[in-house]
Amino acid sequence: MGDTQENIPQSGEVIAAKAVWQVINEKFGDAVSELDENPFMPFFEVLKREQWRDIALFMRDNPKLRFTYMACLSGVDYPEERKLGIVCNLESLGELGHRIAVKVKCDREGGIIPSVAKVWKTADWHEREAYDMYGMEFSGHPDLRRILCPEDWEGYPLRKDYQVQETYHGIKVPE
Amino acid sequence: MQELGKAEHSSVRVTPKGDNRVIIEKDISSEEMILNMGPQHPSTHGVLRLECKTDGEVVIEAEPYLGYLHRCFEKHAEMVDYPGVVPFVDRMDYLASMNSDFAFCIAVEKLLDVEIPRRVEFIRVIVSEFNRIASHLVAIGTYAIDLGAFTPFLFCFRDREHILNLLEWTSGARMLYNYILIGGVAYDFPEGFKERALEFVKYFRPKALELQKLLTENEIFVKRTKGIGMMPADVAINYGWSGPMLRGSGVEWDLRKEDAYSIYPELDFKVCVPDGRFSDIGDCLSRHLVRAMEMEESLNIIEQSLEMMPEEDGFDPRAAIPKRIRPKAGEVYGRAENPRGELGFYIQSDGKSTSPLRCKARSSCFVNLSAMKELSLGQLIPDLVSIIGSIDIVLGEVDR
Amino acid sequence: MSTGALLPNSFPLVMSTNLNAWSDALSELHLFGMPFGLIIIAAIPLVFIALYALTYGVYGERKISAFMQDRLGPMEVGKWGILQTLADILKLLQKEDIVNKSADKFLFVIGPGILFVGAFLAFAVLPFGPAFIGADLNVGLFYAIGIVALEVVGILAAGWGSNNKWALYGAIRSVAQIVSYEIPAAIAILCGAMMAGTLSMQQFNLLQQGEYGFLHFFLFQNPIAWLPFIIYFIASLAETNRAPFDIPEAESELVAGYFTEYTGMKFAVIFLAEYGSMFMVSAIISIVFLGGWNSPLPNIGPLSLNDWTTGPVWGAFWIVMKGFFFIFVQMWLRWTLPRLRVDQLMHLCWKVLTPFAFVAFVLIAVWEIYVK
Amino acid sequence: MSGYFRDIGSSITTILTGMGITLRHFFNAVKRKGDAGIDEENYFNQVDGLVTLQYPREAIPTPKIGRYRLYNEIDDCIGCNQCARACPIDCITIETIKATKDDLAVCGKTSGGQQKRFWVPVFDIDVAQCMTCGICSAVCPTECLYHTQVSDFSEFSRENMIYHFGNLTKLEAEAKRKKLEEEKKAAPAPKPKPKPAPKTEPEKGSQ
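Just so you know, the sequences run in chain order A, B, C and D. Offset between the first sequence (1-based) and the numbering used here: plus 98. Offset between the second sequence (1-based) and the numbering used here: plus 18. Offset between the third sequence (1-based) and the numbering used here: plus 72. Offset between the fourth sequence (1-based) and the numbering used here: plus 905.
Since the hints were made in silico from the structure, they are not lab data. Just so we're clear, the structure is a prediction, and the values are computed from it rather than from any experiment. The C-beta atom is built at its ideal place from N, Cα and C for all residues, glycine as well. Heads up, a few of these hints could be off.
[As the list claims (entries may be wrong)] Mimicking BS3-like on lysine-lysine, the simulated pairs with C-alpha atoms at most 27 Å apart in a straight line are:
1. 181/A x 71/B
2. 71/B x 163/C
3. 163/C x 177/C
4. 1014/D x 220/B
[What the hints assert, rightly or not] Reference listing, derived: stretches of chain C covered by chain B, where coverage requires no fewer than 3 residues with Cβ under 8 Å from a Cβ of chain B:
5. 207-220
6. 309-320
Hey, can you work out the whole structure from these sequences and the hints?
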């Protein structure tokens, strides 16, 4: 972080994230992990993923938190842990202005993560995309289909062990 | 858990309202018809497909189908090294490549520890504001075409051409620049760029006024857009809207102010939100007005930064570029204000390889478009076109 | 009000003073027992439409739109691209004539035909100057309004026969639009008929004749006439599906509307019909309100401009020029304005134009009875 | 009711304003902007009038920095393979043959005076794939690979889009390869140096 202008809000961000994490930790206890004080993206992990939707709703509606805005939801592959996961970047628009990232992980094969598509509508398409690219299920998602790849595409392209299919409807797939 | 279900829905509902909304009497309704709008349709701005359930002229529901322009950006990004990702970023939002590059470089520079020369920051801001004007010109022009006015479109493209010439002069390419590099920019401004850029600002102001008179103030245009596609602020936030879309709903939120990246905190500009005098806040016209106002603000920013930019003889804009870009292990979410909203990159680095372990692009159009289904409920087909136009999608960014 | 004001002492035919001298002479022309002259009379409007559509209609529109948009327009074929339209026609002729598999072949083929015939039939009562008219009907105006509406059938046939959802939308919109706009258009025209007291096209012209040129035109004789004039002009835009009322072919909504599926020559015929009816409504408006083939120039003292610019050939010139002027305005509007929405279009028709047309109708009647 | 008349009034005025603007442009069509390049003084001199050009005959000149068709000055190329590795889409194919000792003089020096150590029989650039990002020219140590201002280079056949810059014919390459084999046999493994050139002056091209 060479730029001085960016440095100041960054450190403040971690402090704010810490306060946020404490509020969540009070409520949910050991369902959430310790806060990782990553200076660019402070995050915690949801250890009990069944509770992820409750945590999400709490984060959105608690007056101290008010994470009204989901900036991003990225699917991630953790091949060495044999897990898939999502990373959600959340932010509170308005006077609170704090942001935090949340990670949820699930098993690599047949993993299920509760959907937060109804909490943040942003998550709707992002979860579809994560499903499309990584293949984890989102339970409770209103319309879980592939979004970018064709419906009948085989495999999940962004997994690290992905092998591209040879032909698709008789068309040779390059590489 | 019942409460959970209720609470989940509590804040999310679009109630389409407005003066110009048509009330459809249900007793004359007939059979539903499925109408496929796109992927090759003049007003879907690329290869978007909308599967519309229609009842006469009324669209009961429109379901967007994406992926026709999916070019595997995220997979590509995992295959090539960091500087090699930048050209691919260019091709995502091809109307605002500079801004996209800027966002990506911000993300990577957060991971790396690089000191960015001050002049480089100014160059970056100036070119990306130029590109923002160019992008908004396309947005406004194509919106005019969607509503049947062809002439404003060509006026917009005429002015955009000057910007492209300016950017070609400094970056060497007209559209896909690969100009903002990680840790610097590719070239310094050419001799005389400042004068020409100021001339452009002088040239463009009356042209923007003319555009306003020809299009924005036109009664037919107002009638076609005012009160159409209403999006209340809280729903817009819940949908994750950003950029002109969110500001069109009256939320004063601009990453240039919020994140205060680069030299934006030093510049004097305002966040454009509609004041509700000409438009109903949250409708298509508001979004259009925000774009028109932002062009003016961008001109201000360009003027200011051209004045403030430190002059250096024999300045090497590539001096700060690291020899080998191999960030330490970690993850970062970096973002910048794109003409279409927040363009963010979630980058995960393992500290060993020169290419990202995971590079997720949070594209603004993708998120903005996700509200399409809800916005389209019970609209007329012409209004549907008007709404798609006001979202200002670039399919290259939607599908990545 | 007599024909005597026309240039006297001329060649019997070329400069004939008699009304309809050329067309009467032609209709009596028989060769080998065939009514050869009638064929020529019929052919003249056809040739006119084709030529005008080729030159002014397509090329002119492209150039006008280009200039309004700071472009050059067609420049490649011929000097200043003058032959561009010919090249386009050649291209269209060579194109494959596609009739899609599921189309209703009969309707699909007959659609452009009806469209063109509808536009063309109206030319029968259009006076090209004092000496030429296809048929000087005493209900000429009524016939013209009626026959232009025949286009609706053609559009519906084309749209339905295409078996394409966009075409169907276009056709339905178009029918709703044309039928609705018939009403303000007809009432506005009725105002003109009321001022003239006749429905014959040639009589309209004769009534607006005089040495003061444009001052004799109904538009300048009666201040209220401006209202039906504007109403008719707006309605005529809608009837010919021109912008801002081009919602039946709204390219950004309905791809191309009712002619989405047409290719090659059928497409060209639809275009020809559009330009034909554009000229037709422009000619009607200039006959009813702007003196038709009468010269707008007044006699000013010794400069008898009006007399110099009157005559069969001048008459043809004036009516064509007036028609072209209104076509220019139509193009001008098209390249300026956005498109209305379907319901706004209907709103404009039923809630704005029709009431105003009625008001104009009453006012004109009052004027005719009490003021004149 | 007043709203009704206000709507009619504003419609008429705004439509007339718009028509005034288009008519002004129509009459301005006698002027033309011309083909001044952006780096010329008079670029913004003519702000009204027609702006389009008849492309192949008239064109706005590409600025000097213009980054279009890729070109390789093979005489300066040392065959270091950096560009091919940097290229994000692998549109550059390079094959090199190490020059034998007695050939070094024949192989020559670059214009910068650097000794070339490789023959480059194959230096193919697929300009159809090339996305003109400029990364290859930035890493080139001898600045022999660069983008030219030629922006219009369409071809009828895709094969023609692959540009061959190699400095040896197939036969010559075969001969050189054989020569290298013989040299290797003669002097068994004198410490093979796979990539001597690139490390000498890296990143020079970027400045």
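Right, here's what the structure says about each hint:
1. At most 27 Å may separate the alpha-carbon atoms for a hinted pair to count; residue 181/A and residue 71/B exceed this at roughly 40 Å.
2. Proposed proximity of residue 71/B and residue 163/C is contradicted: the alpha carbons are some 38 Å apart, above 27 Å.
3. Pair hint residue 163/C plus residue 177/C holds up; C-alpha atoms about 24 Å apart against a cutoff of 27 Å.
4. For the given pair, residue 1014/D sits about 52 Å from residue 220/B by alpha-carbon distance, which is inconsistent with the 27 Å threshold.
5. For the segment 207-220 of chain C, the stated coverage by chain B is not satisfied: 0 residues place a CB nearer than 8 Å to a CB of that chain, which falls below the threshold of 3.
6. Restraint check on the segment 309-320 of chain C versus chain B: 4 residues with Cβ-Cβ distances below 8 Å, three needed, restraint holds.
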